[in-house]
Amino acid sequence: MALDMSYKGVMSRQDEIIKKSTRIEYSDYEINKLTFDYEKMMKDTGINLQDIIRIQRETGVGNTPLIELKNLTRLVRKISPNGKGARIFVKDEQCNPSGSFKDRRASISVYMAEKLGYKGVAAATSGNYGAAVASQAAMRNLDCIIVQECYDSKKVGQPEILEKQRKCECLGSEVIQLSVGPELFYSFLRSLEETGFFNASLYSPYGIAGVESLGYEIAMQCREQAGKDPDVVIATNAGGGNLTGTARGLIKAGAVDTKIYGASVDLSGLHMASDIDFNRKSFTTGHTGFSIPFTTWPDRADVPRSAARALRYMDEYLLVKQGEVFFITETLAQLEGMERGPAGNTSLAAAFALARELDEDQVIVVQETEYTSAGKHPLAQLSFARQNGIEIKFGNPDEEIPGKNIILPEHPSLINSRHYEMDKLRSSYIKNALKVVDVDELQDIDIEFLAEETNTNVDYVKKNLYK
Amino acid sequence: MNYDAKKGSWVQVHQIILKPEERTAKIPEETKKVPLELWVKGYLNVEGNIGDVVEITTLTKRRVKGELVEINPIYDYGFGEEFVPELVRIGEMVKSIVRGDDK
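Those protein sequence lines, which keep their order, are chains A and B.
Under our numbering, the first sequence has 413 at position 31, and the numbering climbs by one with no breaks.
Under our numbering, the second sequence has 148 at position 11, and the numbering climbs by one with no breaks.
Some hints could be false.
Unchecked claim - Have a look at the derived ranges for each label pair, beta carbon to beta carbon: (1) A:L816 to B:E158: 47 to 57 Å; (2) A:E830 to B:R236: 24 to 34 Å; (3) B:E219 to A:M393: 40 to 50 Å.
As the list claims (entries may be wrong) - List of simulated lysine to aspartate or glutamate pairs, EDC-like, C-alpha gap at most 20 Å: (4) A:K786 to B:E219; (5) A:K844 to A:D826; (6) A:K537 to B:E229; (7) A:K452 to B:E166; (8) B:K232 to A:E718; (9) A:K537 to B:E166.
Since the hints were made in silico from the structure, they are not lab data.
This structure is a prediction, so every number in the text was calculated from the model and none was measured.
Even glycine gets a Cβ: it sits at the ideal position worked out from N, Cα and C.
Given these sequences and hints, build the entire structure.
This is the structure we're talking about:
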């Protein structure tokens with residue numbers, strides 16, 4: 383009998399498709415509806431940090447330079463009170479084979495796919511991850527399908543996404559392009575079912591484990607170059623995997639006093655599934671439209687239990703504006719001679735603002751850069767925005783309204799680190815948990831789980847549950 | 138008869154995956170009004186014209202039917218259709234501050 387390929391039909395087979403395409407029995411880790419054993423799920427990958435580094439070396443991933451941005455630090459000190467202006471370092475992740483840290487995430491998944499005997503890999507992503515999976519698949523002689531959300535209903539696409547599509551195709555991958563909408567997941571499941579390929583999910587334990595080497599390298603390089611652990615590491619935050627993996631790697635390197643900051647572009651007011659808003663934003667990832675929903679409920683990902691759980695590790699969360707990220711991207715190019723993609727510089731913009739508040743002897747590490755090229759360049763993106771009726775001007779970025787204007791800071795001192803209340807994220811997470819389980823059903827083990835998930839304690843959770 | 142594309146040509150096809158009325162409930166109104174569409178590239182299995190429903194074989198050997206929309210599709214984005222001079226000004230601004238000649 384032919385399979386029911388309708389939306390309902392495919393979605394009803396979701397669990398079975400995910401299991402077949404990941405070989406992970408997620409229910410093994412579930413203690414009840416809410417609580418699951420995260421560390422056991424990570425451990426059962428059977429891959430430790432040494433294995434990760436070895437697997438990544440096989441395909442030229444990792445071991446990227448840590449570069450001190452001396453001119454940028456000079457600029458910070460020129461506009462800060464005496465004694466302020468932390469040293470800023472950047473991990474130049476564009477040196478990975480496909481041009482971003484995402485190679486780390488892809489490398490372990492594609493290695494597993496090869497080891498388990500799959501003929502190909504598939505991933506649902508409109509970001510750099512597609513190119514990373516395509517590149518790793520090429521190296522390991524596997525077929526590859528990338529499913530991308532690409533166009534609005536007029537078949538107009540962001541130059542940045544179109545570039546990512548080109549890159550996947552030029553690395554030999556098949557790309558399924560879709561119009562706007564979360565039903566992308568349905569198309570993705572269909573492709574997995576049809577091809578029998580491995581699901582190289584961004585959110586699988588393999589994907590997250592692969593980023594641990596990034597945190598580990600940062601600790602080792604920072605000790606060598608600055609003589610100490612970083613005071614702060616800033617990671618651009620969207621789905622949470624970048625921050626989670628980096629933090630886990632830092633902990634494994636013993637850098638337990640390093641603070642982990644998340645940073646996202648503030649796109650409040652724009653709806654991520656809107657056919658109209660789709661091309662009115664200049665950032666397709668690393669923004670609040672992803673990061674806030676995923677941070678406050680990670681299990682909305684394409685696997686039942688996401689291994690990316692940012693709230694467990696995040697000490698502070700900073701928001702930056704689109705105009706600030708473009709400004710800092712241009713500054714990195716013209717002041718440091720490093721031309722890099724804007725999206726990867728989200729955390730750099732936050733670091734710039736934060737450095738003004740910290741002392742001169744403190745060290746901030748920005749944990750990524752990404753490649754730039756046609757499409758993925760401020761020129762392409764700002765020109766596209768202008769064409770779409772977005773006003774671009776100099777002024778105070780605090781007045782930026784996503785979808786309406788992009789305000790380039792009139793002076794670098796206007797780049798601001800806006801602390802998003804961690805309490806708001808944590809209580810929102812707890813609220814989301816109560817959609818899964820009734821407050822009366824909660825047992826001690828669940829309260830402890832919520833404390834771990836929110837990086838708080840049992841008292842904090844109880845106070846939030848019964849307020 | 139002359140066809141737009143010969144058998145074996147590299148083409149892009151288009152499909153409607155979900156009609157507006159089949160879309161899921163949790164999306165904004167403007168998205169609900171439009172279908173979920175798909176585009177994919179591959180080799181044309183028979184000759185065809187733009188607008189015809191044709192079958193292609195993709196790189197992963199999948200056979201996909203859809204409306205033929207492009208032949209030898211190109212990548213036509215670049216560094217923008219219009220230069221953004223503000224970016225030049227940013228460079229000048231930060232350099233003058235670092236060099237101390239901004240006052």
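Please list, smallest to largest, the hint numbers that this structure does not respect.
1, 2, 6, 7
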